[in-house]
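The whole structure should be built from the sequences, with the hints applied where relevant.
These protein sequence lines are chains A, B and C, in that order.
Its first residue numbered 1, the first sequence is counted upward by one per residue in this note's numbering.
Its first residue numbered 1, the second sequence is counted upward by one per residue in this note's numbering.
Its first residue numbered 1, the third sequence is counted upward by one per residue in this note's numbering.
Hints are supplied without guarantee of correctness; some may be wrong.
[What the hints assert, rightly or not] According to the in silico footprint, chain C covers these stretches of chain A (three or more CB under 8 Å from chain C):
(1) 80-91
(2) 147-155
(3) 298-308
It should be emphasised that the hints constitute simulated quantities derived from the structure, not laboratory data.
Since this is a predicted model, take the numbers as computed values, not measurements.
Idealized CB from N, CA, C, for every residue including glycine.
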Amino acid sequence: MPWYVELARAVVGTIIIFSAVAIVAAMLGVLLERKISAWIQSRIGPTHTGPRGLLQTVADTIKLLQKEYIVPQNADAVIFASAVVVVPLAALLDYVVLPFGTTRWGPLIFRDLNIGVLYFAATSSLIVVGILMAGWGSNNKYALLGGLRSAAQMVSYEIPIGLVLVTISMLAGSLSTVTIVHAQSRLWFIVSQPVSFVIFFIAATAEVNRAPFDLVEAESELVAGYFSEYTGMRFALFQLGEYGEMFAMAALAVTLFFGGWQGPGLPSVVWFLIKLYALVFVFMWVRWTYPRFRIDQLLRFSWKVLIPVALLNLVVTAYFVIVRG
Amino acid sequence: MSGEAVAFYVLAAITLASGVVVVTSPNLVHSAVALVPALLGVTGIYILLNAEFLAGIQVLIYAGGITVLILFVIMLTDGGTGLRVPQRNEQGPIGAALAAATAGLLIAVATRTPWAQGAGTLPSYTPGAIGQSFLGPNVLVFEGTSVLLLVTLVGAILIARKEE
Amino acid sequence: MLLDWEYVAVFVFVGAAMVSLPFLIIALVSPRSSYPHKRETYESGVAPIGQAWSQFNVRYYLFSLMFVVFDVEIIYLYPWAVVARSLGASAFYSVLIFLAILVLGLVYAWRKGALEWT
Numbered sequence: 001m002p003w004y005v006e007l008a009r010a011v012v013g014t015i016i017i018f019s020a021v022a023i024v025a026a027m028l029g030v031l032l033e034r035k036i037s038a039w040i041q042s043r044i045g046p047t048h049t050g051p052r053g054l055l056q057t058v059a060d061t062i063k064l065l066q067k068e069y070i071v072p073q074n075a076d077a078v079i080f081a082s083a084v085v086v087v088p089l090a091a092l093l094d095y096v097v098l099p100f101g102t103t104r105w106g107p108l109i110f111r112d113l114n115i116g117v118l119y120f121a122a123t124s125s126l127i128v129v130g131i132l133m134a135g136w137g138s139n140n141k142y143a144l145l146g147g148l149r150s151a152a153q154m155v156s157y158e159i160p161i162g163l164v165l166v167t168i169s170m171l172a173g174s175l176s177t178v179t180i181v182h183a184q185s186r187l188w189f190i191v192s193q194p195v196s197f198v199i200f201f202i203a204a205t206a207e208v209n210r211a212p213f214d215l216v217e218a219e220s221e222l223v224a225g226y227f228s229e230y231t232g233m234r235f236a237l238f239q240l241g242e243y244g245e246m247f248a249m250a251a252l253a254v255t256l257f258f259g260g261w262q263g264p265g266l267p268s269v270v271w272f273l274i275k276l277y278a279l280v281f282v283f284m285w286v287r288w289t290y291p292r293f294r295i296d297q298l299l300r301f302s303w304k305v306l307i308p309v310a311l312l313n314l315v316v317t318a319y320f321v322i323v324r325g
Numbered sequence: 001m002s003g004e005a006v007a008f009y010v011l012a013a014i015t016l017a018s019g020v021v022v023v024t025s026p027n028l029v030h031s032a033v034a035l036v037p038a039l040l041g042v043t044g045i046y047i048l049l050n051a052e053f054l055a056g057i058q059v060l061i062y063a064g065g066i067t068v069l070i071l072f073v074i075m076l077t078d079g080g081t082g083l084r085v086p087q088r089n090e091q092g093p094i095g096a097a098l099a100a101a102t103a104g105l106l107i108a109v110a111t112r113t114p115w116a117q118g119a120g121t122l123p124s125y126t127p128g129a130i131g132q133s134f135l136g137p138n139v140l141v142f143e144g145t146s147v148l149l150l151v152t153l154v155g156a157i158l159i160a161r162k163e164e
Numbered sequence: 001m002l003l004d005w006e007y008v009a010v011f012v013f014v015g016a017a018m019v020s021l022p023f024l025i026i027a028l029v030s031p032r033s034s035y036p037h038k039r040e041t042y043e044s045g046v047a048p049i050g051q052a053w054s055q056f057n058v059r060y061y062l063f064s065l066m067f068v069v070f071d072v073e074i075i076y077l078y079p080w081a082v083v084a085r086s087l088g089a090s091a092f093y094s095v096l097i098f099l100a101i102l103v104l105g106l107v108y109a110w111r112k113g114a115l116e117w118t
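As structure tokens, then:
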């Protein structure tokens, strides 16, 4: 294909993914969270704006857009501003390797990179740098503390995620997400690797700073954590980063454990979305069910429990796959 | 000029410019954050050399891990107060002379070596090929690395705990 | 293969532009009435006390260092994982030794209290 066609495909693809994530993950996701939390807490949630409250987040976004752009004095302007771009961009970069379905021309994925899951892990780790920048750049004790703790937490939970990715890659024989989905055509990995899924789910919840691991942003704790000083739209962009990353983790879990887009009858994209939302629902359910961990419990749990379990899981799986054939 | 050449020059410019900021910025946090584009520039160059796996781990470890480590360290020390560290001292001229000499040496070596001009495509550095290499002929290096990592870990804990 | 990464590069640039788009809207739409009190850093509604950048413990450093060490370990596992089946049992045992040495490190850290946040 001539280069300008490739370029057009790339640009259009990017715009579609960004818009889809902004709408589906950020807007619908926030609304979903509020509705689900309401349901769990026996109340109704937003119903006023739009039919059944569906336009609530749209209204919120419009409101946030017209808020004043306040930069706290003594804040480091360059870093303060760049952090807002780094966090959502890194989260959105995850979507490059997620396969949403399959068409007769091939899988519906932005780009099936050979290093698929490694790429996902790498871009997730860039978010931590953005968070540190936001925390420090705000010149605010709470933001800085929140940022540092967030970073320590995310970094501690990246290891179990990495170990699970290694285990699944071993079973599929490849780092490419599409190959991993194809490797599940006979049996989904959730069946052969339930421990891996549990580890992944717990670690992903911690990685996205969600409850019960959301100490750094809980309302009653450090104000809003690393994004305390960000007003209006920039706050919204950080939320986009967080919800985007949560949806990306859920989508990765669907790809790694639930056979991706595969399913009888319905079109592949529909199956993918069903599984994705089912998992997102579980993420949200967990949030509104369990009490919060303290930071020391959180870190101890990762290093003393999750990582040893993940290592054991890897070794046992490898033993059965390689030595026992 | 081919697309790859353009990409190379752009990446090299990004890497060098960020590198200059890292080395000369009086604000240590700016220095550390500027490392990220420098490392990403190098990542791009790895990709141009067909080393995707290396590019992936470069981002994962360097941009995602080492930068975080450096930022933590800077924030733990006075550098985190936005203290402006003077970038010149009386050794400036000697430093400049040494740097010029080293650069001259490297350029001379690079331009005079008869690099093997391979026709055709670059070899493939896929994860599979790397895996076969590690666990085949280079398995001792592989095990040695784990010992190296162990030593790093023990050493850091020893030093850090002693400070308390 | 290079094409893949060209797509990714486009994604990064277009993405950065799209993420910065709201700022353009803000610049056009939002009110501007800056006065000193608005720009004070937030500390539960009272005037901020002390420097924002205070001294922190060495535990942050230790956790991120352990992260780097284990991340490098995982880096070494990826290439093996991809060809694990074909390399067979002997490679598996080599990797087992590799992991065992690192588990020793984890145990050492555990015993020395480096995994505690106090």
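Hints, verified against the model:
1. 80-91: holds (count 4)
2. 147-155: Three-residue rule met by the segment 147-155 of chain A, so holds; n is 4.
3. 298-308: holds (count 6)
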